[in-house]
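Engineer: Here is what each chain is made of, one letter per residue.
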Amino acid sequence: MRQVRRKTMDTAARDYLLKAKNEGLQLSWNKYEGMLPQDGFSQIGLSCHECLLGPCRLNPFRPEEDSTVCGLGKDELVLGWLTRQASENRELLASGSQLLAELRLKVTANEVALDLLQSKAAKWSVSGEGLGDLVMGLSLKYAELAYPQAQSKKCIKSYLKSLGSQQISLLDFNSDLAEVLYGQCDSQSRLVGLAVIKEKAVNICLDGVSPTLLATAQELGAELEDEAFQQGASEGLNIVLAGDFSSNFDLNTACNQGTIEFAVLTGLIDLYLIGDGLGKARIPAASYHTVVASAGSSKEALKEVFLQGIAAYGQRDLNKVKVSNHVEKAEAVCKIDPQQIKVLLDQGVVKGICVIGGGSNLKLTEDQGTLELAGRLSAEKILCLTYGNSAVTLAKYGFLNSGDLGNRVLAGELDIETAPLIYSIGGEGDAAKILAALRVAGGEKAVAVFPELTSARDLQMALAIAQTGAKVFTGVQLPVAGSVKISEEIGKVIEYCGPKELADTVVKYFAIKE
Amino acid sequence: MVMENPACKRIFVDQSRCLGCKTCELRCAVERSSIGKSLTDAVQEQILPRPRVYVEWDGVNSVPIQCRHCEDAPCLEICSTGAMQRDEKSGCVFVDGSKCISCWMCVMVCPYGVIAPAHEKHSADKCDQCFQMPQPYCVAACPTGALQEISPEDYELSLKQKRQSVLPT
Chain G
335 MRQVRRKTMD TAARDYLLKA KNEGLQLSWN KYEGMLPQDG FSQIGLSCHE
385 CLLGPCRLNP FRPEEDSTVC GLGKDELVLG WLTRQASENR ELLASGSQLL
435 AELRLKVTAN EVALDLLQSK AAKWSVSGEG LGDLVMGLSL KYAELAYPQA
485 QSKKCIKSYL KSLGSQQISL LDFNSDLAEV LYGQCDSQSR LVGLAVIKEK
535 AVNICLDGVS PTLLATAQEL GAELEDEAFQ QGASEGLNIV LAGDFSSNFD
585 LNTACNQGTI EFAVLTGLID LYLIGDGLGK ARIPAASYHT VVASAGSSKE
635 ALKEVFLQGI AAYGQRDLNK VKVSNHVEKA EAVCKIDPQQ IKVLLDQGVV
685 KGICVIGGGS NLKLTEDQGT LELAGRLSAE KILCLTYGNS AVTLAKYGFL
735 NSGDLGNRVL AGELDIETAP LIYSIGGEGD AAKILAALRV AGGEKAVAVF
785 PELTSARDLQ MALAIAQTGA KVFTGVQLPV AGSVKISEEI GKVIEYCGPK
835 ELADTVVKYF AIKE
Chain D
446 MVMENPACKR IFVDQSRCLG CKTCELRCAV ERSSIGKSLT DAVQEQILPR
496 PRVYVEWDGV NSVPIQCRHC EDAPCLEICS TGAMQRDEKS GCVFVDGSKC
546 ISCWMCVMVC PYGVIAPAHE KHSADKCDQC FQMPQPYCVA ACPTGALQEI
596 SPEDYELSLK QKRQSVLPT
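Those sequence lines, one after another, are chains G and D.
Reminder that position 100 of the first sequence reads as 434 in our numbering, one-by-one numbering, no gaps.
Reminder that position 46 of the second sequence reads as 491 in our numbering, one-by-one numbering, no gaps.
Honestly, the hints are just simulated from the structure, not real lab data.
Please note that the accuracy of each hint is not assured.
Stated by the list, open to error - Cross-link-like lysine-lysine pairs, in silico, DSS-like; alpha carbons within 25 Å at most: (1) K482/D to K834/G; (2) K532/G to K676/G; (3) K482/D to K819/G; (4) K697/G to K482/D.
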């Protein structure tokens, strides 16, 4: 546990680590440390369990073991893993289908803003005379985006970059549909921190849920508020997010993905609902009253789960409750103007753009890399753009509190007159907005840094950013070293840099560019 | 030689715990033969590092085999140049590469087949039980504890316990 405490710099988390220790709970850090060393063959991408002929592994130090039973060599095995990660879009497909079905229903009921629908359709090159045509056109566009386009694998870099970009396009498409269906909140001001979990409310924590599910959850929240009051929850029903922001719904965020277990450790989460997230908080939830559920597809199924969560409120163990007072305000920029950024770059007001993404990889330092980068680079007049989980991470430390001049963490480092150049553009679903900005402002003046590359989506975003011409760095070694050829190729797209040297490397990169 | 020093430890294998994961092989190759000393670097080296422990499989069970550091070691007997030596303190048999003439006699006489002809360095290659380190790397790496470094006396004790556990009550 001492090792775990060194792993996170989150001051709010330290109390909960101690609480977990006192309660004898094993958190994800402990689980990770407990299983070390990790499987070496997987670590270098030389294991495969795609079919039941295997599992296969290719021993890098035994030349006679150079092929899987189906004949894949080291290069194919590693490329296969990369391809699967770059094209992984299961939950995007599910979400897109739900959104299109919802769009059709709302169009039939005349509940959609026509102007917005037309402008979004035009963005995706869809035209039509009637609403029905637009819906059909968007459905066809969705089908086009959903399947990998045939492309030669001869140039591995281009192949992977285009696969990643395709998934981020699908993400963008879904985000546009969500905006048409649910609108965008007027205010993008949110609260972030464990204190958004209320002591006298039924707390429902949503982890990795789609916009459709968020909409249903919002509806149910309003419908079932009375049930919560009847259970004695004087503050009603409180829905919070974990590891993400929502541009469509005014929901606060309790924590980033790295500290999601601490939300449960407050003893106040009554329902933990997992969409496509990692669901890491399942580990401590098993020792609490918290109801853990996977997101259901229908409103009825979700209502059942919500009712279970409300009933769980009465089963809280008050001896295990530990309320947090940690909360920060976070602002997001809903619409970034790429032209304005280009002007700032041309005038030299900002030296470059740095996209900060990913986060919460427990092999690394947890938060520290992201914070150090944002602090160092904004002080060097490099515009930092962030989104999703990395935005939550920065917000947790007050980095996105634009109302507080210079914000508290950076105040010591920056000139008092200098406003920090760190902006969040919203949640994971809004990531594509950054790509649009880079295309206009010039990818060659940008870098993207993923200090803690964690998920397939992070990798896709990294590849899509590389497609714009930007340099991409990560502090996590991809499991590709088993193939010299592939690791060299992917290294030209996503460059590995030791976590401690990341900030220096990026600063030097901009200095060289000048 | 070994028996003169009861503190001498040897690597014992609990075969029931061996999953055949070959983590010991990887770690041994990386730590003892590679230049980069990390797995990701080692697999990309021009001359591939060589493990000195071999995980073998008989169709049902797997077992890691490395030099047993025999008391009457045939390799030690047959070496004509004195390249094959025994460390007095630990009792471990090791190769002094500078004296090895690559005649491979040791390779031929080893009853376990755990001495490899390393053509790339013109010397025989074998496990020396990492006798200059606090613990053999393979033992440290084994995720299930199938490999253990204990003294023969302690192993004898564990055998006694095993015998007692099967006595009728």
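Engineer: Next step is simple, just say for each hint if it's right about the structure.
Structural biologist: To see whether the hints hold, each was checked on the structure:
Taking the CA atoms of K482/D and K834/G, the gap is about 19 Å. The hint holds against a cut of 25 Å. The straight-line distance between the Cα atoms of K532/G and K676/G is roughly 43 Å, outside the 25 Å bound, and the hint therefore fails. A C-alpha spacing of about 20 Å is found between K482/D and K819/G, which places the hinted pair at or below 25 Å, so the restraint holds. Taken as a hint, the K697/G and K482/D pair is honoured in the structure, with Cα atoms around 19 Å apart against an allowance of 25 Å.
Comparing the model with each earlier hint shows a violation of hint 2 alone; every other hint is respected.
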